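One line per chain: the protein sequences are A, B and C, in this order. The letter at position 132 of the first sequence is residue 132 when you use the working numbering, and the numbering goes up by one with no holes. The letter at position 53 of the second sequence is residue 53 when you use the working numbering, and the numbering goes up by one with no holes. The letter at position 359 of the third sequence is residue 359 when you use the working numbering, and the numbering goes up by one with no holes.
It is worth saying that the hints were derived from the structure and are not from the lab. Note that the coordinates shown come from a computational prediction; the quantities given were computed from them, not determined experimentally. From the three backbone atoms N, C-alpha and C, an ideal C-beta is built for every residue, glycine too. Fair warning: there could be bad hints in the mix.
Claimed, not checked - Label pairs and their calculated CB-CB ranges: (1) VAL313(C) <-> LYS192(B): 51 to 61 Å; (2) GLN216(B) <-> ASP100(A): 34 to 44 Å; (3) GLY364(B) <-> GLU18(A): 40 to 50 Å; (4) LYS98(C) <-> LYS228(B): 45 to 55 Å.
What the hints assert, rightly or not - A few chain A positions that, by computed beta-carbon distances, are all more than 12 Å from chain B: (5) ARG11; (6) ARG12; (7) ILE13; (8) PRO15; (9) ARG25; (10) PRO31; (11) LEU38; (12) THR41; (13) GLY65.
Unchecked claim - Among the chain C residues that face chain B by a calculated CB cut under 7 Å, a handful are: (14) PHE71; (15) GLN72; (16) CYS73; (17) TRP332; (18) ARG336; (19) LEU337; (20) GLN341.
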Amino acid sequence: MAGLTQIEDIRRIEPAAEERPDADRPAVMVPVDRLHGLMQTLRDDQAFAFDMLLDHTAIDWHTDGDIEVIYQLFSTLHGQYVQVSAKVPRDNPVVPTVCDLWPIAQWQEREAYDLMGVLYDNHPDLRRLFLEDDWQGFPLRKDYTDEDMLERSK
Amino acid sequence: MTVTVHTLHDRISPPTGADSSLQTQEYLINMGPQHPIAHGSLRIILRMDGETIREVIPVPGFVHRGLEKMGENLTSLQFIHLTDRMDYLSALMNNWAVSKAVEKAAGIEVTQRAQYIRTIMAELMRLQSHALWWGVLGMDLGAFTAFLYGFREREVIGKILEETIGARLTMNYIIPGGVMSDLHPDFVRQTKEVLPYMKKMIDEYDVLLSGNVILQERLRNIGILSGKDAIGYGCTGPVLRASGVPWDLRKTEPYGVYDKVDFDVPVGSVGDNWDRYYVRMEEMRQSIRIIEQLIDNIPEGDIQTVKYGGRIKIPAGTYYDHLETARGVLGVTLVGDGTDKPYRIHLRSPNFNNLWVVTKLAVGWRIADIIAIQSTLDLVIPDIDR
Amino acid sequence: MNFVHILASAGGPGPKTFKVLTVADRALEAVNTNLWMTALYLLLAVLAVAGLIAFLGMSLIYMERKVAGHFQCRLGPMRVGPHGIFQTVADTVKLLLKEDIIPRDADQLMHLVAPFLSLTATVLVLMIIPYSPTLQIVDLNIGVLFVTAITGFGVLGILLGGWASNNKWSLLGGMRAGAQIISYEISATLAIMVMVLFSGTLSLSGIVQSQEAGWWIWRAPVVGLVGFILFLIASVAEINRTPFDIPEGESELTGGFNTEYSGMRFAFFFLAEFINIFTVAAITVTLFLGGWMPLHIGDFAGFNHAMDIIPPVAWFLGKTFVIIFIIMWLRWTFPRLRVDQLMHLEWKIMLPIGFANLLLGAVLVLFNFYFFP
């Protein structure tokens, strides 16, 4: 299967990557300190040639105490997709930025910071995107509350 | 390690004095959220030197409604009506994107009749969206009459859609499992009448605006975006195709019944405003071609495979699915936890990713050019903010 | 005294003799006989101009809205009065009653003065236009010079308005207007010069009378037509109409120099713009299309006689409104030029053509070469 081969290829260059289960496309999870290196190789190596960062977002695994950052990559050359993710602890969610690799990441990461609170190391201009600069809290987190919020009763 | 967080105030603190040998001073100007040409509420701060732009700082967020947070408490059927309100000019395609993701996650099949209806509706929506885009582009560049001509076309198509769907703007029609209601008995006949009319009108648009030398002067060789930059900035849709990258999800990963129809994908070469303009004009013609091939062949059958109102459980896992709206690739990341409400839903909106390239394109040009560039990027602001 | 007799052309019951008599002439005559008559004439002149401004304002704005509507496949005003003819009355009442919002940091005096300057410049030109042989307020023997001088003066209102508003968008609009109007005056003046060469006089009614044998637009070979086109384009640029309306570019500058104006002051800018359209059309008609001179075709005495029945003022108004319609037609069709493209058009294209036109015109006049003599 083309999918599995891809994961094996990735594991060959980056042994710390493991297959992320229960995803619908080739997906790997790496420790956050290996993230930037892997992304660089995925973009530059012509066998992969993932030149488009299609999407970047964060998921709040509240009960595990982690935030997972997910990157959807696409290769216009080969027409292939891969999903790369990393988990960081909720109380210190520092992730290396990839905006030196894909310029659009600069703003996708700002959105993730604004709504989820993920901090990006070496980001040139990390500030809130949608909310005011002095907003307290990160709305997309599962434990976010503020006085104006309305709760739906389940 | 600590990460420093900035504020907007740091960014736009007063510029330092003299710039060029002429001893001019740069100044900041605000194309605020209320502006005759902003296609919605988008604030853009420009740092200018005379009439030349030195830096573009978009400040979105005026239409941020927290759709993703709301999605965590709504079933997929309830969430569909929120998707209309993102890129409201491709409302049906937004509905389809989320429906498609849910169907992929939950493994739901859709009948052929529903697929035909979805495809035809999506192409009609694309025609309508591009007609409005053309009108607004004319108005932005000073040809006010174009605006009304574009809206006239939109009315004609909107009437047909309204008879079946019941709404003219926020459609809420394509749901997981099929479509919400069956076609109006007059739908096929009316659509067949509209198609030659639209063809004639698009030719008239070419004569009225595309051939105008003033418009060509305003659009040609301005805002040139190379293919490599377009990919790096995450542009999709006509913006990417105008820069020479022939990626159209309708061709490369066909969904609906796009694999059964014959159509071309217009691709530009230079990547300037003119290419972005003309790619969309050609896309209108191709949409008409697609509808012509499908309109007579809609199979009979059910329109829904899931009982309406039935709860669709999204299995645990991370799912991503996308499709091509009028403005680019709309992707949906669904994280399910086995219940009927997603644990996390994220919308990869095409306009959000197309917006930021303006920070690169407009530098060194004038105010009139940034307006032309924004028009040809065809941004719909609620889609940026979600 | 300024009586000019025109000799009838040879053959048959020739065309009418047009005697020009302006209100200033009558007033001057009356000084010798009865001072009250002088005062009456001057008062009539003032009232006539005021009435003309009011009438023009109402009708031109209504015409613009109807023309715009019909170009855009819609009807325009239809409700206030039959076919909306009282719409402008309603608009005027609204503008008069509206609050005058003045920005706190704006330069108060300049903010107040700017609309008056614009309107004054326009109204001054209205006084010397020959509407008919007997309907003219003053006929200056340097009429053309006066026109070019005063239209140049009109830019002051826009510049002041842009600067005094304390708003960066207004400033941009004002600066652009300054550059634009000053540049296009040159092309306009060059086109006017050609007609002065042919007519041999600077006075406007003299120019009209010199067109009795035929309007300059076709009688001056080629240069008349070229001059007409140049003058029309330059004038549209002078009055800030699309495709040259960047100073007020609605879609770019939110209103340009008149962003911060509301109520009566905005009404003055608005009125000045529309009266400017009339003035520019009237000057075009006077110089190129024969003013109040009826259409005469060579030897068709019967035709000429029929044309003479229509009163000269009707000729003048008819021709002027055709030109006004063309100017409005341009507005609702074309996109707008970018500011540097506009400058390029003037300095690199229209100016050389204007000079060549002038030289050719001079040569043609020297050799007495006219079409349809």
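Notebook entry, point to check: In ascending order, which of the hints set out earlier in this document are inconsistent with the structure?
Noted result: 9
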